[in-house]
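Chain by chain, the residues run as shown.
Number of protein chains: 2
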Amino acid sequence: MNSVVKLNSMEKLTIVKVGGKIVEESISLKKLLSDFSKIKGNKVLVHGGGRSATALASKLGIESEMVNGRRITNAEMLKVVTMVYGGLVNKQIVAELQAIHVNALGLTGADLNYMRSEKRPVLDVDYGYVGDVKEVNAEILVDLISKGVVPVLAPLTHDNNGNLLNTNADTIASEAAKALSGFFEVTLMYCFEKKGVLLNENDDDSVIEFLTQDLFDKYILDGIVKGGMIPKLENSFEALKAGVKQVVITRSDQIHLDAGTKMML
Amino acid sequence: MNSVVKLNSMEKLTIVKVGGKIVEESISLKKLLSDFSKIKGNKVLVHGGGRSATALASKLGIESEMVNGRRITNAEMLKVVTMVYGGLVNKQIVAELQAIHVNALGLTGADLNYMRSEKRPVLDVDYGYVGDVKEVNAEILVDLISKGVVPVLAPLTHDNNGNLLNTNADTIASEAAKALSGFFEVTLMYCFEKKGVLLNENDDDSVIEFLTQDLFDKYILDGIVKGGMIPKLENSFEALKAGVKQVVITRSDQIHLDAGTKMML
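Going down the list, the sequences are from chains A and B.
1 is the number of the first residue of the first sequence in the numbering used here; add one for each residue after it.
1 is the number of the first residue of the second sequence in the numbering used here; add one for each residue after it.
For reference, chain A alone in the conformation it holds in the complex (with noise of 0.2 Å):
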């Protein structure tokens, strides 16, 4: 066989990232999951959980800082985020994935060592035990999702060094995109408050439905697209460059569906 017969043999992957208080209040996050669930073939979902580590925090009296929309994770925050996004956001959308019969597995980088990463240098801002990914060992993951098994990843790596670290829920899903587009055909998937990119942002029903460099680059000029929805569309293509079939931006409730703004190069 060539590789242009085992590229189409791929098997499809979708890799679905959902933060915010979607993943964080039971109702909403039992629709999500429902909604998962009815995704076909092989997927992988990633979770954020940052207003209950906010929240957490507030209870505990350790103050919240954000640079840069990053929060800053000193060693008692690093606790705080261990015990929320590892434990109480994690193992819910685990027990309730299978009660649903998703055979879900929750994961952090320092489970089987499947994502590494190395404390962010401090240059203009000390963001403290956040870490910038290093490593994914994709086999792990290939492994069991070959099985049928669904991985649910935490926002949180490790250094390999015996530290865990804060890392960002989208970064997580673009890096374990990336690795994982060796051995599947990746759908990479982020759910935002609207429907996808809009094209009117007065009208939610103006969704771009597809969204290419050259489109993305005439939309920027024409100030259509613009602030911070740049610089994420911006990763989103490195995803692409970096061998991720698609990138879908859609709101949570239409994960199932074929919709929202779709990123091919």
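Simulated from the structure, these hints should not be mistaken for lab results.
Quick reminder that beta carbons are idealized off the backbone N, C-alpha and C, glycines included.
There's no promise every hint is true.
[To be verified] In silico lysine-lysine, DSS-like type, Cα no more than 30 Å apart, as pairs:
| no. | chain 1 | residue 1 | chain 2 | residue 2 |
| --- | --- | --- | --- | --- |
| 1 | A | K59 | B | K21 |
| 2 | B | K241 | B | K226 |
| 3 | A | K147 | B | K40 |
[Claimed, not checked] Computed beta-carbon distance windows for the label pairs:
| no. | chain 1 | residue 1 | chain 2 | residue 2 | range |
| --- | --- | --- | --- | --- | --- |
| 4 | B | G61 | A | R70 | 27 to 33 Å |
| 5 | A | A55 | B | S206 | 48 to 54 Å |
| 6 | A | E76 | B | G182 | 40 to 46 Å |
| 7 | B | E11 | A | E238 | 41 to 47 Å |
| 8 | A | M66 | B | S26 | 24 to 30 Å |
| 9 | A | I27 | B | L221 | 55 to 61 Å |
| 10 | A | E63 | B | E139 | 45 to 51 Å |
| 11 | A | K241 | B | K232 | 55 to 61 Å |
| 12 | A | G228 | B | A75 | 33 to 39 Å |
[Claimed, not checked] Sample of chain A residues with no beta-carbon within 12 Å of chain B, all distances over it, derived:
| no. | residue |
| --- | --- |
| 13 | F183 |
| 14 | P231 |
| 15 | L257 |
Start from chain A and add chain B according to the hints.
Using the frame of chain A, we list chain B on its own:
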């Protein structure tokens, strides 16, 4: 091959249960994990975390109520133990084991649905979200162990209906040991504060090296074994009768040594 040969050719597996402050303090945990890593062959670690759970609950203004040595687990306390057992303690152990080249994977009963329980019926006491183990899917653990993975089991199970349940770590260890005894020659090791079962409670070095059912019965009559030790040892004999090869009662700093009290049928 007849069944005797098959039994003789079974690989060994050591299941170590350790609780108390050993797993909750950084220095003693490092020593424990180093010793654990020296145990040859297949192994499983089962941990507690009660002191940390009590401490977190206290900081959050949640009262810890114990009846017969068991924690009453209301909805708020279930969140606390899910965070502490499934997150804080479990993930720190996994990260530190990875750092010393032990390929650890943290699991609650919900992960891969490896251990299912049912909420304890309310008789004299309502224990709340506490689970009695009903089913262990041993093959899942066997598959992992056969690949060199070291499962790290948190004292949490699930009812396969979306609910996590608090489950005593001793019970997790004995239920896993019994289920795995069909696949391995299992040694179940309980870490106590003493070096083993003592012939003379005032002499820490008077460790009983071997304990059979006959000797146990005799020691009870003689008043040598008494109090809370009796049900613990009775549970160990139950595990032996269910197929576990050997139960060892030892101190946590001796788990890698041929020490402690060995119980066999």
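Structure-based check of each hint:
As the CA atoms of A:K59 and B:K21 are separated by approximately 24 Å, the hinted pair is consistent with the 30 Å bound. For the hint pairing B:K241 with B:K226, the CA-to-CA distance comes to about 22 Å; that is within 30 Å, so the pair holds. Proximity of A:K147 to B:K40 is assessed by CA-CA distance (about 29 Å); at most 30 Å being required, the pair is judged to hold. Separated by about 30 Å at the C-beta atoms, B:G61 and A:R70 satisfy the suggested range of 27 to 33 Å.
Checked against the given bound of 48 to 54 Å, the beta carbons of A:A55 and B:S206, roughly 52 Å apart, stay inside it. For A:E76 paired with B:G182, a C-beta distance near 45 Å keeps the hint of 40 to 46 Å intact. Separated by about 46 Å at the C-beta atoms, B:E11 and A:E238 satisfy the suggested range of 41 to 47 Å. At roughly 28 Å, the beta-carbon separation of A:M66 and B:S26 lies within the given 24 to 30 Å, and the hint holds.
Look at A:I27 against B:L221: about 59 Å separates their beta carbons, and that is inside 55 to 61 Å. Taking 45 to 51 Å as the suggested C-beta distance range, the pair A:E63 and B:E139 conforms, at roughly 47 Å. Between A:K241 and B:K232 the beta carbons are some 60 Å apart, a value that agrees with the proposed interval 55 to 61 Å. Judged by the Cβ atoms, the range 33 to 39 Å given for A:G228 and B:A75 holds: they are separated by roughly 37 Å.
Its beta-carbon lying about 18 Å from the closest one in chain B, A:F183 satisfies the requirement of being farther than 12 Å from that chain. Every CB of chain B lies more than 12 Å from the CB of A:P231, the least distance being 30 Å, so the non-interface label holds. No beta-carbon of chain B is positioned within 12 Å of the beta-carbon of A:L257; the least distance is around 24 Å.
Of the hints listed earlier, there is not a single one the structure fails to meet.
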